[in-house]
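Student: Residues per chain, in single letters:
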Amino acid sequence: MSDAVDPIYVTETLISQDIDAYLVQHQHKSMLRFITCGSVDDGKSTLIGRLLYDSKMIFEDQLAALESDSKKVGTQGQEIDFALLVDGLAAEREQGITIDVAYRFFNTEKRKFIVADCPGHEQYTRNMVTGASTADLAVILIDARKGVLVQTRRHSYLAHLIGIRNIVLAVNKMDLIDYDQARYNEIVADYTTFAKSIGIESFTAMPISGFKGDNITGPSDNTPWYKGPALIEHLETVEVNSAADAEKPFRMPVQWVNRPNLDFRGFSGLIATGVVKPGDAVRVLPSGKTSTVNRIVTLDGDLDQAAAGESVTICFADEIDCSRGDVIALADNPPQAADQFEATLVWLADEEMLPGRSYWLKLGAQTVTATVQQPKYQVNVNTMEHLAAKTLDLNAIGVANLSTDRPIVFEPYEASRALGGFILVDKITNSTVAAGMLHFSLRRAQNVHWQATDVSREFHAGLKNQKPAVLWFTGLSGAGKSTIANIVEKKLARMNRHTFLLDGDNVRHGLNRDMGFTDADRVENIRRVGEVAKLMTDAGLIVITAFISPFRAEREMVRQMMQPGEFIEVHIDTPLADAEARDVKGLYKKARAGQLKNFTGIDSPYEPPEDPEIRIDTTGMSADEAADVIVARLIP
Amino acid sequence: MARQWQETKRRRIAELTEKSSLTHLERLESEAIHIMREVVAEAEKPVMMYSVGKDSAVMLHLARKAFYPAPPPFPLLHVDTTWKFKEMYKLRDKMAELSGMELLVYQNPEAAARGINPFDHGALHTDMWKTEGLKQALDKYGFDAAFGGARRDEEKSRAKERIFSFRTASHGWDPKNQRPELWNLYNARKNKGESIRVFPISNWTELDVWQYIQLNDIPIVPLYFAAKRPSVERDGMLLMVDDDRFPLQPGEVPVERSIRFRTLGCYPLTGAVLSEATTLPEVIQETLLTTTSERQGRAIDKDAGGAGMEVKKQQGYF
Numbered sequence: 000m001s002d003a004v005d006p007i008y009v010t011e012t013l014i015s016q017d018i019d020a021y022l023v024q025h026q027h028k029s030m031l032r033f034i035t036c037g038s039v040d041d042g043k044s045t046l047i048g049r050l051l052y053d054s055k056m057i058f059e060d061q062l063a064a065l066e067s068d069s070k071k072v073g074t075q076g077q078e079i080d081f082a083l084l085v086d087g088l089a090a091e092r093e094q095g096i097t098i099d100v101a102y103r104f105f106n107t108e109k110r111k112f113i114v115a116d117c118p119g120h121e122q123y124t125r126n127m128v129t130g131a132s133t134a135d136l137a138v139i140l141i142d143a144r145k146g147v148l149v150q151t152r153r154h155s156y157l158a159h160l161i162g163i164r165n166i167v168l169a170v171n172k173m174d175l176i177d178y179d180q181a182r183y184n185e186i187v188a189d190y191t192t193f194a195k196s197i198g199i200e201s202f203t204a205m206p207i208s209g210f211k212g213d214n215i216t217g218p219s220d221n222t223p224w225y226k227g228p229a230l231i232e233h234l235e236t237v238e239v240n241s242a243a244d245a246e247k248p249f250r251m252p253v254q255w256v257n258r259p260n261l262d263f264r265g266f267s268g269l270i271a272t273g274v275v276k277p278g279d280a281v282r283v284l285p286s287g288k289t290s291t292v293n294r295i296v297t298l299d300g301d302l303d304q305a306a307a308g309e310s311v312t313i314c315f316a317d318e319i320d321c322s323r324g325d326v327i328a329l330a331d332n333p334p335q336a337a338d339q340f341e342a343t344l345v346w347l348a349d350e351e352m353l354p355g356r357s358y359w360l361k362l363g364a365q366t367v368t369a370t371v372q373q374p375k376y377q378v379n380v381n382t383m384e385h386l387a388a389k390t391l392d393l394n395a396i397g398v399a400n401l402s403t404d405r406p407i408v409f410e411p412y413e414a415s416r417a418l419g420g421f422i423l424v425d426k427i428t429n430s431t432v433a434a435g436m437l438h439f440s441l442r443r444a445q446n447v448h449w450q451a452t453d454v455s456r457e458f459h460a461g462l463k464n465q466k467p468a469v470l471w472f473t474g475l476s477g478a479g480k481s482t483i484a485n486i487v488e489k490k491l492a493r494m495n496r497h498t499f500l501l502d503g504d505n506v507r508h509g510l511n512r513d514m515g516f517t518d519a520d521r522v523e524n525i526r527r528v529g530e531v532a533k534l535m536t537d538a539g540l541i542v543i544t545a546f547i548s549p550f551r552a553e554r555e556m557v558r559q560m561m562q563p564g565e566f567i568e569v570h571i572d573t574p575l576a577d578a579e580a581r582d583v584k585g586l587y588k589k590a591r592a593g594q595l596k597n598f599t600g601i602d603s604p605y606e607p608p609e610d611p612e613i614r615i616d617t618t619g620m621s622a623d624e625a626a627d628v629i630v631a632r633l634i635p
Numbered sequence: 000m001a002r003q004w005q006e007t008k009r010r011r012i013a014e015l016t017e018k019s020s021l022t023h024l025e026r027l028e029s030e031a032i033h034i035m036r037e038v039v040a041e042a043e044k045p046v047m048m049y050s051v052g053k054d055s056a057v058m059l060h061l062a063r064k065a066f067y068p069a070p071p072p073f074p075l076l077h078v079d080t081t082w083k084f085k086e087m088y089k090l091r092d093k094m095a096e097l098s099g100m101e102l103l104v105y106q107n108p109e110a111a112a113r114g115i116n117p118f119d120h121g122a123l124h125t126d127m128w129k130t131e132g133l134k135q136a137l138d139k140y141g142f143d144a145a146f147g148g149a150r151r152d153e154e155k156s157r158a159k160e161r162i163f164s165f166r167t168a169s170h171g172w173d174p175k176n177q178r179p180e181l182w183n184l185y186n187a188r189k190n191k192g193e194s195i196r197v198f199p200i201s202n203w204t205e206l207d208v209w210q211y212i213q214l215n216d217i218p219i220v221p222l223y224f225a226a227k228r229p230s231v232e233r234d235g236m237l238l239m240v241d242d243d244r245f246p247l248q249p250g251e252v253p254v255e256r257s258i259r260f261r262t263l264g265c266y267p268l269t270g271a272v273l274s275e276a277t278t279l280p281e282v283i284q285e286t287l288l289t290t291t292s293e294r295q296g297r298a299i300d301k302d303a304g305g306a307g308m309e310v311k312k313q314q315g316y317f
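Those protein sequence lines, which keep their order, are chains P and A.
Last residue of the first sequence: 635 (numbering that gives the first Met the number 0), numbering continuous.
Last residue of the second sequence: 317 (numbering that gives the first Met the number 0), numbering continuous.
Source of the hints: derived by calculation from the structure; they are not laboratory data.
Mixed in with the good hints there might be a few duds.
Unchecked claim - Lysine-lysine pairs mimicking DSSO-like chemistry, simulated, CA-CA at most 27 Å apart:
| hint | chain 1 | residue 1 | chain 2 | residue 2 |
| --- | --- | --- | --- | --- |
| 1 | P | K490 | P | K533 |
| 2 | P | K276 | P | K288 |
| 3 | P | K426 | A | K175 |
| 4 | A | K85 | A | K134 |
| 5 | P | K426 | A | K44 |
| 6 | P | K195 | P | K145 |
| 7 | P | K584 | P | K490 |
| 8 | P | K426 | A | K191 |
| 9 | P | K466 | P | K489 |
| 10 | A | K191 | A | K175 |
| 11 | A | K189 | P | K426 |
| 12 | P | K533 | P | K463 |
Turn these sequences into a full structure, and let the hints guide you.
Tutor: Below, the structure is given as structure tokens:
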């Protein structure tokens, strides 16, 4: 270990002799957020432990705990195992690996640093992407004995993908190769070739030893041939993202409308890019209405100007509509709004992506419903090859088109992380299932208008003297959906109602003949039926559908497509044992024999409705009685 | 008010037209305000945990900034143990009045009935008054989002906790199943009964908190500054005799010492340090030059071995 106290960290003298001067210095520090990537063996945690240790961010009691832990579970014999400082969770300390992203803090004279320590294994790709999303810079660690490995490529690709333009190649463990310059040059040359191939235009390479402290805080005597900066020197001087963001055109997503009384109406948000001043002409999107900024309000007094990265409250000169999710932008250079995009997705959830399923999409302060199409390709994160894919699994990265239920204000991710980065959230479990980066819109939504027709849906319905509705039957195969639906339609026809029955098997012969029975196909199957049912309700019909429709999310999606109150969910509730005992089509027998894959109730799940409009318990009534109950509910 | 902060900010902004970036404190402040506004926009019934310590003081000030000129649109909740320092109760009531926010004080009735106290009941005291008290209070009022002033630099398991930290209906935390948190996009969606703990100053360090208090003239409990106070030395800790509930052991005599506190909790559980620091810069100076970490004055982290706080958090402790 180097015991020389390096000047970069020496603040103790200043603190003890002139605390006021120190505080002024600390107050004016900028902040750099960076990530370290590498595998367990590359010495990543050791490097971070070293940075904390050298910057005196470790207190004596922590050091005492570290020394005793090092002897108990450390991997460095009797020497201090810096990695133990960093691997926080008990499970990690036991297993000796870094599972989650941990954030650490240290200071130098010029800057404050937040380090996100990201795990290296391929199964933790999502954790690395998470850590990288807020970083200004990435330190890619290489074990000098091993050179550029598959994981080096993966980490570099991910850092570049998430938009990190400051990359440091730290060739670590130089002490173990006797500070061999030739070997170092060879590794850097290898990496240069690779970096170019994935579009990394520049990076900074340096030979270091986290364990011994070489080229961490200052030049090392062991590498006289290296003329570049030490790691800390470099980290202190690179440009941070928020500085670059301030030079772009003004945009601020509105988070919250501040309206304490009738005399004040302000729009609160974090400025994503650019600078704003009172008097600036601004435009509110997606409405496109314009106004002038007349005040920038804070508790400490009004501001003359505010820039990217600041949270402010803006007041307009005119009373124009503006609410959460809207974006305030420079009037003559606004972003676009669109509802169809190409995007890169990083899948974060254990459940695979289902093309056609609707998810919540959150971008800035906007939350909309989005569906993702089948991926155009998936990227092999180790070789960067494009592979064909039907879906995306945990940690998979792919490119796909997606559409939203209404236009969102956006910018390409390259131009703005704040208006181009989004997350997808599962509507049932509420978990964050994907992170996405928008590339471009597939068309300008504002140019595609709904074709307004003169004969309205109300007119269609009035002509038939009825209220349109969808009776959506759901239940296991063999529950009696088709039988009861058929009786319901006959009864309605006798009452002069205009109806149409969409039956699962029949639809699969035509409209959905290309659909199979995988989860993804089931989702798309239901989406298409939903769209057809919706057109039919527009024509004034009472639509009856009989599909297993096993997933809650898709039934909910169809409900959302319809006018309020027009979707009536009918759960034909038959116990699996009863349905299987009936086995009208002999399908259960085949499924049990393994001749039929993905059969609902056997090897594919059925999610019963939690709160259906009508529940029919077929163990307690006949099909005809069931039909009466349903008709009575529809036409009281 | 807060003149220094404002002047610095104006100067920084003037520089921005040439090329520059915000200071780290400005970035941290802005991030915290953004987080608070997201919660208010997305949660149904938010609340701010208020423990009267210096982190709480910063949180309250940030809330006032986030929603100005409106008062922060949520109440303050103090989960009381009845064993806090007298001066804490005084400042608590004063700050609630100043901010125009509703102050809710909750004391676990069972702990009160059983007379649970830090002298006789050890770990049970924290468990009943704080962990259980907190859960009961959240359930009673039906809060679905609770702001806390925890920081990632305080303790190892906190270094990995999300800013929006999801809790099950029984207030449990599952460290291995946390929602990924990307950019500044927070997923506040949850099912009925579930809740979220939100930590807007996650990325602040102890020094940042002190400096922010200084630059914004934020009122804090005087116990943070050195003064002559009656104290006894017990089990290697300096304890202040704050009221006559303190049972003196045979031979123990309270001595007037110049002491101050680095963290504030229940007075019988909070160790003081000998100090002459009577101004903020002096306190900061002492903090920076000291060689023990902040939470060391608290007995709670040492329970249950190395993973003390992680286990407590899984059980529902903040």
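Student: With reference to the structure, classify each hint as holding or not holding.
Tutor: Right, here's what the structure says about each hint:
1. K490/P to K533/P: Between K490/P and K533/P the Cα gap is close to 22 Å, so the pair holds against 27 Å.
2. K276/P to K288/P: holds (18 Å)
3. K426/P to K175/A: Within the cut-off at roughly 22 Å; holds.
4. K85/A to K134/A: holds (25 Å)
5. K426/P to K44/A: holds (21 Å)
6. K195/P to K145/P: Since the Cα atoms of K195/P and K145/P sit roughly 21 Å apart, the hinted pair holds (cutoff 27 Å).
7. K584/P to K490/P: Satisfied, since the Cα-Cα distance of roughly 25 Å is no more than 27 Å.
8. K426/P to K191/A: Satisfied, since the Cα-Cα distance of roughly 14 Å is no more than 27 Å.
9. K466/P to K489/P: holds (18 Å)
10. K191/A to K175/A: holds (22 Å)
11. K189/A to K426/P: Measuring from Cα to Cα gives roughly 10 Å; hence the hint holds.
12. K533/P to K463/P: Holds. K533/P to K463/P sits at ~17 Å (cutoff 27 Å).
Hint violations for this structure: none, all hints satisfied.
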